[in-house]
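Colleague: Chain by chain, the residues:
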Amino acid sequence: MSRPMLIVDDEESIRWALQELFMQDGWEVHCAENAEEASRMIKQNTYDFMITDLKMPGRSGVEIVREARERNPRIGVIVLTGYASLETATESLRLGVWDYLTKPCRVHDLKRRIDEFFQREATRRLPSSLWSPLGDDDITRFLEGAGTQILSPSAAYASDDGAGALCALRSVLSDLGFSEDRIAELIQPLIEGAAALDAGGDGKWRASLLKGHVVASLTVLDDHYRVGCDGILEKLNDKFDVNARMVRSGGVSSVVVSEAIANEGP
Amino acid sequence: MKAHKELDGRVLRLEPEGNALIRRPVWPEDVLKHGDGAGVVAMDLQRTEFVSGAFLTDCAELARQLSAAGRKLVLLNLSAHQQRLLELVAGGERLRVLDNEEDLASYVLSVPAGFDYSKSHGGVSNAEKEVLWG
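Quick mapping for you: the protein sequence lines, in order, are chains A and B.
First residue of the first sequence: 0, per numbering that gives the first Met the number 0; consecutive thereafter.
First residue of the second sequence: 0, per numbering that gives the first Met the number 0; consecutive thereafter.
These are computed hints drawn from the structure, not numbers from a lab.
Just so it is clear, CB atoms sit at the ideal spot from N, CA and C, and this is done for glycine as well.
Check the hints yourself; a few may be wrong.
Claimed, not checked - A few chain B positions that, by computed beta-carbon distances, are all more than 12 angstroms from chain A:
| # | residue |
| --- | --- |
| 1 | Val50 |
| 2 | Arg63 |
| 3 | Ala68 |
| 4 | Gly69 |
| 5 | Ala79 |
| 6 | Arg95 |
| 7 | Asp98 |
| 8 | Asn99 |
| 9 | Ser105 |
| 10 | Leu108 |
Said to hold, decoys possible - Here are the simulated EDC-like cross-link-like pairs (lysine to aspartate or glutamate), alpha carbons at most 20 angstroms apart as the crow flies:
| # | chain 1 | residue 1 | chain 2 | residue 2 |
| --- | --- | --- | --- | --- |
| 11 | A | Lys238 | B | Glu14 |
| 12 | B | Lys1 | B | Glu14 |
| 13 | A | Lys234 | B | Glu92 |
| 14 | A | Lys54 | A | Glu120 |
| 15 | A | Lys238 | B | Glu86 |
| 16 | A | Lys110 | A | Glu27 |
| 17 | A | Lys234 | B | Glu86 |
| 18 | A | Lys102 | A | Glu27 |
Work the whole structure out from these sequences, hints included.
Modeller: What follows is the structure in structure tokens.
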């Protein structure tokens with residue numbers, strides 16, 4: 000069964016091109032030439048994805064995005080505009096738009112971003128059997144670099160560079176749809192671990208997906224490790240509702256943070 | 000870490016930049032050397048990434064030391080997350096968090112204008128050097 004997609008653009012050539020493009024890929028494509036028409040179609044149908052222009056006669060595309068997401072919070076939306084501005088980009092992203100592209104845009108990029116959206120959605124809709132709690136064995140295997148299941152479009156990341164690893168982890172969490180506030184909370188235990196090292200970034204960083212959880216760790220030699228002495232992990236767990244723990248094994252210590260990704264994202 | 004005076008010399012602004020916090024921060028000599036006459040030291044975190052509790056703990060200790068010398072430390076441009084993190088830090092209640100430049104200007108007007116570190120404190124104690132220079 001084909002997936003329904005709505006294309007909203009006042010330029011007929013754009014509507015025609017996108018319709019041809021996505022019908023070939025098996026989509027059921029509906030088109031609207033202005034916001035009013037789009038609004039009627041949104042009320043009558045449930046769309047999995049929408050590509051919309053912003054600047055159109057009458058109501059703006061931003062209003063259509065808001066209406067579409069109110070009706071179906073799971074809808075994926077890409078804004079495709081010839082009049083990009085910081086203001087509309089910010090507003091679009093605040094409304095949970097998956098991406099904001101400017102015309103002209105490459106077909107390859109457009110399709111890739113749509114594919115990435117549905118990969119992310121598939122991750123979030125895993126069977127409940129895959130959401131079982133992480134056990135000690137899971138964490139041990141994760142720290143050893145084995146037994147992890149890569150589910151994200153972003154690859155698992157391992158690094159010796161603390162700042163680079165934190166930046167990469169932030170990107171992974173953002174790809175998965177975590178809010179900026181939640182990302183800050185989740186990486187805080189790793190920042191505390193890094194801050195407690197005698198030498199900056201001198202550790203092994205790892206991030207991956209495991210059984211429906213995003214799992215990240217920082218591993219250092221016991222000799223270099225001072226975090227946890229003041230109970231900062233426990234404080235962070237209580238304050239930010241994160242699941243951070245210390246694992247000690249074989250002369251090394253690891254701070255491990257895990258978080259289920261089921262209910263995150265826009 | 001950048002350091003410069005502003006508001007007619009009454010504020011010394013410190014700006015840790017980038018990933019300053021994987022290592023524990025080392026306070027610049029400027030805190031004391033160029034702090035003469037500045038009653039307020041403003042730690043601006045706008046360009047600082049990965050703020051740790053350890054960093055904020057050191058800020059609290061710096062605030063204690065400065066307070067003993069009659070000066071104030073305030074924090075500027077903290078994110079909501081960082082403000083919540085501050086609540087976990089020992090001595091965090093000593094740190095005044097200001098939301099914007101207007102608040103800073105208002106705050107500066109409420110504290111003594113002039114300050115001569117060498118006269119009021121008789122030089123730099125070893126304990127203070129330890130905190131200020133790491």
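Colleague: When you check the alpha-carbon spacing of Lys110 of chain A and Glu27 of chain A, does it fall within 20 angstroms?
Modeller: Holds. Lys110 of chain A to Glu27 of chain A sits at ~15 angstroms (cutoff 20 angstroms).
Colleague: Minimum Cβ separation between Ser105 of chain B and chain A greater than 12 angstroms?
Modeller: Answer for Ser105 of chain B: holds, closest chain A Cβ roughly 28 angstroms.
Colleague: Between Lys238 of chain A and Glu86 of chain B, does the CA-CA distance stay at or below 20 angstroms?
Modeller: holds (9 angstroms)
Colleague: Would you assess whether Ala68 of chain B, listed as outside the interface, keeps its beta-carbon beyond 12 angstroms of every beta-carbon in chain A?
Modeller: Since the minimum Cβ distance to chain A is about 27 angstroms, Ala68 of chain B lies beyond 12 angstroms and the statement holds.
Colleague: Any Cβ of chain A at or closer than 12 angstroms to Asp98 of chain B, or is the non-interface label fine?
Modeller: Holds, since 17 angstroms exceeds 12 angstroms.
Colleague: Per the stated criterion, does the least C-beta distance between Asn99 of chain B and chain A lie above 12 angstroms, as a non-interface residue requires?
Modeller: holds (19 angstroms)
Colleague: For the pair we were handed, Lys234 of chain A and Glu86 of chain B, check the Cα-Cα distance against 20 angstroms.
Modeller: Roughly 10 angstroms between the alpha carbons, so the hint for Lys234 of chain A and Glu86 of chain B holds.
Colleague: Straight-line Cα separation of Lys54 of chain A and Glu120 of chain A no greater than 20 angstroms?
Modeller: Violated: Lys54 of chain A and Glu120 of chain A sit about 28 angstroms apart, past 20 angstroms.
Colleague: Check whether the Cα positions of Lys102 of chain A and Glu27 of chain A lie no farther apart than 20 angstroms.
Modeller: Measuring from Cα to Cα gives roughly 23 angstroms; hence the hint is violated.
Colleague: Can we trust that Leu108 of chain B is non-interface, i.e. its beta-carbon lies farther than 12 angstroms from all of chain A?
Modeller: holds (33 angstroms)
Colleague: Taking the minimum C-beta separation from Arg95 of chain B to chain A, is that value above 12 angstroms?
Modeller: holds (21 angstroms)
Colleague: Is it true that the CA of Lys238 of chain A sits at most 20 angstroms from the CA of Glu14 of chain B?
Modeller: The hint is violated at about 27 angstroms.
Violated hints for the displayed structure, listed by number in ascending order: 1, 5, 11, 14 and 18.
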